[in-house]
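Listed below, chain by chain, are the residues.
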Amino acid sequence: MLSATQRNWALSLPAFVIVGLLAVVPAVMMLASAFTSPDIEGFTLANFEKLWNSKLAFQAFWRTIRVAIIVTLITIVLGYPLAIGFLRAGPRMQSILLPMLVFPLMVSVVVRAYGWIVVLSPSGIFNQVLLGLGIVASPVDLLYSETAVILGESQLLLPYMVLSLMASLQKAESNLEEASMSLGANPVTTFFRIVIPISVPGLLTGTLLVFALALTAFATPLLLGGGRAPLLTTLIYSFAFTTFDWSAAAAVGLVLVILALAFVWLQRWVGQKVMKSYE
Amino acid sequence: MSSVEVRNLVKKYGDFTAVRDASFRAETGSLISILGPSGCGKTTTLRAIAGFETATSGDILLDDKPVNDIPPWRRNIGIVFQSYALFPFMTVADNVGYGLKMRKMDRDQIARKTDDALNRVGLPDSHLKYPRQLSGGQRQRVALARALVIEPAVMLLDEPLSALDAKLRDEMRFELKRIQRQSGVTTLLVTHDQEEAFTLSDQIVVMNNAVVKQVGSPREIWDNPNCAFVADFIGIENILPAERTTNGVRIAGHDFAALSDAAPGSDIMAAFRSSDLELAGDEAGQFAGQVVGEAYTGNYNVYQVQTGLSEAPIILKTGKSQRLSGTINLKLAPDRIKILERD
Amino acid sequence: MSSSRAENALLVAGKTLSVAMMVAGFLFLLGPIVIVVISSFTSASYLTFPPPEFSLRWYYEVFSLSWFSRSIVTSFVIAIIATAISAVLGILVARALARGTFRAKAIVEFVVLTPLLLPIVVLGFGLFNLLVTLALEGHNFVNLIGGHIMITVPFVVRSVWSAMAGTDITLEEASLGLGATPFETFRNVVLPMARPGIISGGILAFTMSFNDVSLSIFLTGPRASTLPVEMMAHIEYSADPTPAAISTIMLAITLIIFAVTSRTVGLKIFA
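Chains as they are written, first to last, in this note's numbering: chain A, 1 to 279; chain B, 280 to 622; chain C, 623 to 893.
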């Protein structure tokens, strides 16, 4: 007979070993290799020095942050009408809208990014409309730019924001808006004074989630930004397979991991501190 | 303060009729209850008065003026929701002051009125607390203060006591009455609890299946329920099919004297409370029964008596010293038999 | 009543704006996908919208591409194997985490859920580095399966764990009390109760594996490659509508998984 501890270890061991060997060990080794260089013996910060002096890496770092912030803002602005519209809709309408909201989450990021390639290409619908309305004289080249990356990632992450906002709005008591109106506030005032404040917990979780996912998105920026608008994630890839500078790739990886973990920590902290006051 | 009147209100959701031709009136300063089981249309009626539901047809009148086209935020109606609906991110004082802020009052005035309202509901020093820090009874008081402070034309209470435990409910019932009397605001209360309705109201509107069954003072409804549903709902145990005779009623072949205006020969329902049954001597009895079950409580004894009047046994209560068994004779005073229309 | 008129104007404007933004939101979310589907049925040899004429020529074209049929089969096989193994591993750990209070629980939890904390690109590049060091990078098929198990296990663990944590422990005790062995209890009581969690975890794992690019791109090679990675490589070189046709096929597959999901465990698993 196994003791409880032995049994729990026996149950955990297969997954523990596989994930440990395939995720934790390689990631730690790779991140550690950021402090080595083929030309130098032992520990070195040469790779970080190189990144610091590289205009490309510097731009990629700030672009990553900038894109994540703008994407988060876009998902907030588009997320509120969707979340509120959804909750206001009748049950029949909701059963149509929910799949429309959730389905994109299951669709391959490659397919979704390709959608934007089709829309934004010089002969795509976007340029056709602009040309047709006479806004521009010749097609605008939006593809492979920061704008394309922002559009693609916003579309990718919008459902997460909507679902977070919906969760907190649904959790709030249903009569709050009616109470506000009975006290003399019209629907617009009620929206700003009651609906927005009760959605704050969802806004926070949604913001953190979308920001973290925007920081680490890979396929979308690779397809829509290409080499012209590299982010930290795509920079790792191009260091690894275009310039074959693996130490530099590892150094970029470390920067990205620090950013990502800082966010995980922030998420937990917000979860513990801020959410409490909304119960 | 205003009178409230609901006139021929109909509310339909597609094929479903939530309220069918409801009419009643509450005079200025009075307290009126809508009493009925869940799903009877009472809450829909309240929401129509508040303006959250638009009437399919019929009118809502405040001070005899139709308000159907006035949106909720301009009706000046105070509501206490069943769940209280306090804004969780605002302090007690901000909750109470919200309606005044919407009325663009200046800060000093808001502070003064808020203080005053919180004093009136007996919560003088909770201004800076958040709703989650309050007990159920305190939340209820804040919700009342928030509804009263705007000096509403009418105050609507949706099952205001149902979220409280039994002891607190008794206490709050008196509080509610006191606060309503002091402020003099016309109040409409929605409840499924007949005791609540009877102790608080000047007038009661009994609803069932989207229809107003009876409107009257608590006394009138208690003494003269007009149909089997109301009789059953206010707790009359024995409701039996009967036929009207020239000077009384006939229940399952037994003749009883009774007071009624109904035409002789018509089918009616006869109802009487178990507490109105009297034991009779052998010669004075009107009908006989067989004791088939008994239970002794501390204060009185309860018997199940099988009679010829109905299939199910009738309930009879006696003093604790009085023990019954075997065949007994029973009688009913003429004024204790209530004549009801068949539903 | 001019103030009332101003208020009405504000309300109408507010309502119109919110409805317009909601429509815009859904267009933004679904528009590009719909446009891809429509564009795929074009007769033209380049992408245009709307298509000049309806045609299935690009679907014939797609099915004649050897890389397409090879990689779609690979993707399916890998997703099925990875999901099955992840499910078994995930159920076992979830059981230990849900009921056990062993000292190393925090370590197990941390390690098993690590792939959720780190960017997948970092996991992919890290694994690739290790494989190169061990000179194993050529075994693309096995590497892809291993990698996909690693990134999908946490999803199974999370959903099965929460399903198990929500169940009543007295049911297990009742089963043991009635004479069932611990194994019988696990099979007849614990597993059926965790079923919704297992199904959601499995669906998430399959979707994730089938759609993954960030990890797979480091592990694919001449011996095995997945559909999304291959498609990504070909989008760059082909200006013709083949990617649109492939996208539509992938959307159809996703739609099937989606329908199964909403029938079995509901769409809440994504929320």
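No lab work stands behind these hints: they were computed from the structure.
For clarity, every value in this text was computed on a predicted model and none was experimentally measured.
It cannot be assumed that every hint is accurate.
Calculated lysine-lysine pairs in the DSBU-like style (CA-CA distance at most 30 Å, straight line) [as the list claims (entries may be wrong)]:
| hint | chain 1 | residue 1 | chain 2 | residue 2 |
| --- | --- | --- | --- | --- |
| 1 | B | LYS344 | A | LYS171 |
| 2 | B | LYS383 | B | LYS408 |
| 3 | A | LYS273 | C | LYS890 |
| 4 | B | LYS456 | B | LYS380 |
| 5 | B | LYS291 | C | LYS637 |
| 6 | C | LYS890 | C | LYS637 |
| 7 | B | LYS380 | B | LYS344 |
| 8 | B | LYS380 | C | LYS637 |
| 9 | B | LYS408 | B | LYS446 |
| 10 | C | LYS890 | B | LYS383 |
Okay, the hints, checked on the actual structure:
no.: 1; hint: B/LYS344 / A/LYS171; verdict: violated (38 Å)
no.: 2; hint: B/LYS383 / B/LYS408; verdict: holds (24 Å)
no.: 3; hint: A/LYS273 / C/LYS890; verdict: holds (26 Å)
no.: 4; hint: B/LYS456 / B/LYS380; verdict: holds (28 Å)
no.: 5; hint: B/LYS291 / C/LYS637; verdict: holds (25 Å)
no.: 6; hint: C/LYS890 / C/LYS637; verdict: holds (28 Å)
no.: 7; hint: B/LYS380 / B/LYS344; verdict: holds (27 Å)
no.: 8; hint: B/LYS380 / C/LYS637; verdict: holds (24 Å)
no.: 9; hint: B/LYS408 / B/LYS446; verdict: holds (24 Å)
no.: 10; hint: C/LYS890 / B/LYS383; verdict: violated (43 Å)
Consistency with the previously given hints fails for numbers 1 and 10, ordered from lowest to highest.
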